[in-house]
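Peer 1: Throw the hints in and build the complete structure from the sequences for me.
Number of protein chains: 4
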Amino acid sequence: MQLGMVGLGRMGANIVRRLMRDGHECVVFDVNPDAVDTLAGEGAVGATSLADMVAKLEAPRAIWLMIPAGLTGTVVDEVSAVLDPGDILIDGGNSNYRDDVRRAAKLKDTGIHYVDIGTSGGVFGLERGYCLMVGGPDEAFARIEPILKTIAPGGGDVPRTPGRSGDPAPEELGYLHCGPSGAGHFVKMVHNGIEYGVMAALAEGFNILEHADAGITQAEHSAEIAPLEEPEFYQFTIDTPKVAELWRRGSVISSWLLDLTAAALHGNPTLEGLAGRVSDSGEGRWTVKAAVDTGVPAPVLAASLFERFASRDEDQFANQILSAMRLQFGGHQELPAGDVLEAGGEKAESSSRGQSETAGE
Amino acid sequence: MQLGMVGLGRMGANIVRRLMRDGHECVVFDVNPDAVDTLAGEGAVGATSLADMVAKLEAPRAIWLMIPAGLTGTVVDEVSAVLDPGDILIDGGNSNYRDDVRRAAKLKDTGIHYVDIGTSGGVFGLERGYCLMVGGPDEAFARIEPILKTIAPGGGDVPRTPGRSGDPAPEELGYLHCGPSGAGHFVKMVHNGIEYGVMAALAEGFNILEHADAGITQAEHSAEIAPLEEPEFYQFTIDTPKVAELWRRGSVISSWLLDLTAAALHGNPTLEGLAGRVSDSGEGRWTVKAAVDTGVPAPVLAASLFERFASRDEDQFANQILSAMRLQFGGHQELPAGDVLEAGGEKAESSSRGQSETAGE
Amino acid sequence: MQLGMVGLGRMGANIVRRLMRDGHECVVFDVNPDAVDTLAGEGAVGATSLADMVAKLEAPRAIWLMIPAGLTGTVVDEVSAVLDPGDILIDGGNSNYRDDVRRAAKLKDTGIHYVDIGTSGGVFGLERGYCLMVGGPDEAFARIEPILKTIAPGGGDVPRTPGRSGDPAPEELGYLHCGPSGAGHFVKMVHNGIEYGVMAALAEGFNILEHADAGITQAEHSAEIAPLEEPEFYQFTIDTPKVAELWRRGSVISSWLLDLTAAALHGNPTLEGLAGRVSDSGEGRWTVKAAVDTGVPAPVLAASLFERFASRDEDQFANQILSAMRLQFGGHQELPAGDVLEAGGEKAESSSRGQSETAGE
Amino acid sequence: MQLGMVGLGRMGANIVRRLMRDGHECVVFDVNPDAVDTLAGEGAVGATSLADMVAKLEAPRAIWLMIPAGLTGTVVDEVSAVLDPGDILIDGGNSNYRDDVRRAAKLKDTGIHYVDIGTSGGVFGLERGYCLMVGGPDEAFARIEPILKTIAPGGGDVPRTPGRSGDPAPEELGYLHCGPSGAGHFVKMVHNGIEYGVMAALAEGFNILEHADAGITQAEHSAEIAPLEEPEFYQFTIDTPKVAELWRRGSVISSWLLDLTAAALHGNPTLEGLAGRVSDSGEGRWTVKAAVDTGVPAPVLAASLFERFASRDEDQFANQILSAMRLQFGGHQELPAGDVLEAGGEKAESSSRGQSETAGE
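In order, the protein sequences belong to chains V, Y, C and P.
Those letters in the first sequence? Residues 1 to 361, per the numbering used here, in order.
Those letters in the second sequence? Residues 1 to 361, per the numbering used here, in order.
Those letters in the third sequence? Residues 1 to 361, per the numbering used here, in order.
Those letters in the fourth sequence? Residues 1 to 361, per the numbering used here, in order.
Do not rely on the hints blindly, as some may be mistaken.
Each pair may be met inside one copy or between any two copies, as identical chains are not told apart.
As the list claims (entries may be wrong) - 25 Å max Cα-Cα, derived SDA-like pairs, lysine to any residue:
#1 Lys108 / Glu229
#2 Lys108 / Pro231
#3 Lys289 / Leu228
#4 Lys106 / Gln235
#5 Lys56 / Lys149
#6 Lys106 / Pro231
#7 Lys289 / Asp99
Hints listed in this document are in silico derivations from the structure and should not be mistaken for laboratory results.
Peer 2: Printed below as a string of structure tokens:
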């Protein structure tokens, strides 16, 4: 079938390529004419404006927006102004599902169908296909199902779930009508919330492996930090790239994120050049807020989000407050210089401070 | 090569089967003669006692224990008493790696090689193979490598990690020499710690999906519980079995644990019959303690462990303390019965209590 | 000075009493005429309607609403409709500060000053005074300062902070102009967020004390639950009511919430009759959402909120998912019945299950 | 009564001073002769060695060790070698309660009574008194009760808990016999675990207050970080030193730790000079491990401990792993430089990256 694509960044362009490979016809537009030209060179019909795109599509049309979430509101307004009743407007970006609910309500009287699609797949989507979570009216979903089928991964080599038989259901092909407007991005939001948690579980675990040599490396410790107890049990120098590779095979935690971790560690075993300041896009935040709203405990998902904040030093003031309190009740500086002598057969300047501090807390 | 297997529960028996399929010779023993007979019927050499097993193996021997962790200490003592210098004693169970360190030290002067192997694979290991994390001396590892190769999954259909070439490394075949005694179970411990975190991330996420209809179902709320704000954004009835299936294809969180979740939800969409009292074996606990010992932040792994404790009501006294404090400062019962009238054009008994409680906190 | 009070629940009535004791004149209204009569009998001027109250106050007026948050929006509209420019409308309830921002904006052109006050003090406020966090225009704050001074605790017997001298600042007397509209309830919101965290820290700690006898009581354990390691270190039967009392004196964690805990435990050492289903009002939720919005890590505050959700079994579906996964990969029921025999010199039915499950994970 | 004090750091010296003020006789020793001379100048009997101290005390003796935990084992051995049956040996430092259990067992046959005392009070103990948590045999507790009474704060001006009457119980005077050997340090350990949680709750809350101006300061944001939604609700510049002072009066969270926070912020409102690298002594770690051992959920206490680890950058490798994964699946650098143009009426280089990354996850 025919699809108009607005926004030819990596995701938008690759979806167009995947569609054209499967025989669909794509009319494409981007504010950057070069991006349009490139895809036109690959077989797409280029458009010079939104109006031009609409003119080049036969009614009832389907137009997919693949643009930054911050711009979606404006573009939805612009596109819907030139569409006709019965046309379908798809937001495939990473919008907050709340915006979908609002936009669908706003478009209700125009007769334009609004469809929200959460897509997952990253840079590998062109080959692997994209997992599609769809929200919107039944009628619109039915009409765009042919293109969803193409964009989605299909059954591929994923083993069939025991108990399923017959023709594969849409979810077995990698796309699903999740519910009314907003449901697609809601499911995508939770997907990313889970992703944060899974990533954090892996990252924490590898950090523990990396510190399995604490009994060797922590021979010297500060007076203010609890010494390692039983160093004899932390004498391992674990080869984390090899372990990541190992766990890909037969282990309970084998997963695509582990595959990526193995690839990253194989290419850069010391992770040199990575500062460890971890960004977060909106979905993790929205997921935690949805959990709070609905009274669902989500300590793991929340902790994984807060770890990212802390990686960017957003915990700084809190930590200073903690140091300030310790200075008050213990009378200690952050960087202690020992000045008290204690019994015990030796001059034990620095550890004496640790003692008085903790005994006194 | 030859291997003696002690303990013919599901794991031990299946490992023996996998070995025999590949041409290895197995001498087997279990306190349950029926278990021995079964495997003898499939081609193994049955033994009637540990001594009998030792007699039936050619030196230098390799004996694998696949028994409950609580019994391992005793059996290690029993077996090592009848072994000779140069023999290899393998603990393939789920021992605490600290016990490996202790046992290896104890056996050091006997000339018996002690090897610890963490195995992952669950009930699917017979077909999929088991992921093997090995600790112990180089020499012993080299000698048992042929059986490790057989038990492990091999390369299978897992795509090769970009950048790897040439003959596959052991970790690409599903087994790895992680370090000296204890290193195998240490890596397995962290594996399970991660597993807890991944499972919790999935479980929390599905719980949020399940509550996406809060705007429909929470129409009535208690005076003591914060009401749902903006119920218009929680109007989705999500089909969680379908979503689990969907995410298996092309999504960032595709993983074996997700496969299992999809299978579980397909077979039992309402999870009927499951009380939600979640057990924990030792590894999650050991992982958190190792993180604490080595000063590694592990909030996600710890939270996932504590969620399991709470699922078994181990939070009960803490929760009672919280209710008791609220009773003190707010003067409220857990189950309030309104008795105060407030302004606002209507009798607002119950919500008035909520007001005074929180305003007063 | 003169104040109109709308809402004569416990908080509103006690604030009126505290004001009258100090010579202020109060006009009072409630939908419940009995509540009005009671306070009229103690010296207040009773009003029969909002309009009657406004008529009985001299302009420029100050009216304080002490009503359930759910009703505040309506009553603000009703009262502001009968007020004159220059009058002050105070919301002293537990509103979301976002509502204050919205209401102040809405009233901006009317000339009515909107003031939001977060109050803390609980049932002890009548005697102790209420801690007052005020948001709104400077002019309005200045005009109501006399009544704030009366309602607040004053300096009392709280030792002066080192370094402070001269006349006490407002914050030393228990009230503070925190900023423009919404700032009062914002600070109150964070106050309650902290309160959740402090309460949880105490509750978790007492729960650990309560389980210090695990080495005595956990002699028998399930095959599915990790056994207590080193039971010799958990042989204490701690008298928690006495410990709570003890810590009130000289300890670093002495606090009012600890005082309340001591009182609760002294009166009801086993906390009998408390189900441990812990309510939460909105502030804890709003605090976590504010942390998420502003990118501030708040794992402790979030965990304390989620513990409350879990106390009300909102973790149920997540826990069922966990059990369902374990059933899948381990092949185990939640309530295992042993059926496999293992080596080790004894029939070890139940522990064999634990072994195979964890070794196989 | 008579007491020997070994270790004249700040804590030990101040306890001696408090005892002498109340008429007790103290024999004192420290490896630093100056420390001995100072206290001798204030009325104590100086000793030149442990043997000299023992000689100067009448049997049955009581000797209090106030030395760094790392030295306690050695000194306990040295002192017990020169003591007689019936003598009491007190460890008042911050030992792990497990060491008490071991030491008491070791001394059992010598007839020397071993007593462990957890002390809390910090630098203010000389004036305020020390909260004393005591473990050990009944007989020994009874004999040293006179000195405990002196060292403890006494009833002071702490209001009596409702329902208590008659002569004050020991816990109302600030000391308590918590149980057999180890119970004192066990209770102290949990005390400090709670302290970590309370401190973290306060620190997180103040951090949120500090970021209440995010709507003003976060006008510009990175493409990789979720933008602040609804900046109109984060327009407050909160004076945190004043808020800390305010909450000391009448609020639910008034506490000694809040008093200290107020003092710290008043003296140093921007917390200049504090790096925010927060130390932790052993007790917080031991508390979390005890919770894990006994199956008690302690997410708040654990999170507060992990925050301290993270403040010292112990999360670094985990964060690098997270960045490495994001680089893999999103193809993004940590510090993105926009290079893709998107539709929407404007050049949107940087946000296009944010879009493709999250839409693709």
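Peer 1: Pop the pair Lys56 and Lys149 into one bin, within, between, both or neither, using alpha-carbon distances up to 25 Å.
Peer 2: within (23 Å within a copy, 60 Å between copies)
Peer 1: Is it within, between, both or neither when you check Lys106 against Gln235 at 25 Å Cα-Cα?
Peer 2: This pair counts as between: shortest inter-copy Cα distance 17 Å, intra-copy 63 Å.
Peer 1: State whether the alpha carbon distance between Lys108 and Pro231 is at most 25 Å within one copy, between copies, both, or neither.
Peer 2: This pair counts as between: shortest inter-copy Cα distance 20 Å, intra-copy 67 Å.
Peer 1: Are the CA atoms of Lys108 and Glu229 at most 25 Å apart within a copy, between copies, both, or neither?
Peer 2: Cα proximity of Lys108 and Glu229: across copies only (24 Å, versus 65 Å in one copy).
Peer 1: Within a copy, between copies, both or neither: where do Lys289 and Leu228 come within 25 Å Cα-Cα?
Peer 2: between (38 Å within a copy, 12 Å between copies)
Peer 1: Within, between, both or neither: how does the pair Lys289, Asp99 come out at a Cα-Cα threshold of 25 Å?
Peer 2: both (15 Å within a copy, 18 Å between copies)
Peer 1: Can you give me the call for Lys106 and Pro231, within, between, both or neither, at a CA distance of at most 25 Å?
Peer 2: Between copies, since 18 Å is at most 25 Å while 64 Å is not.
In the structure shown, no violation is registered for any of the earlier numbered hints.
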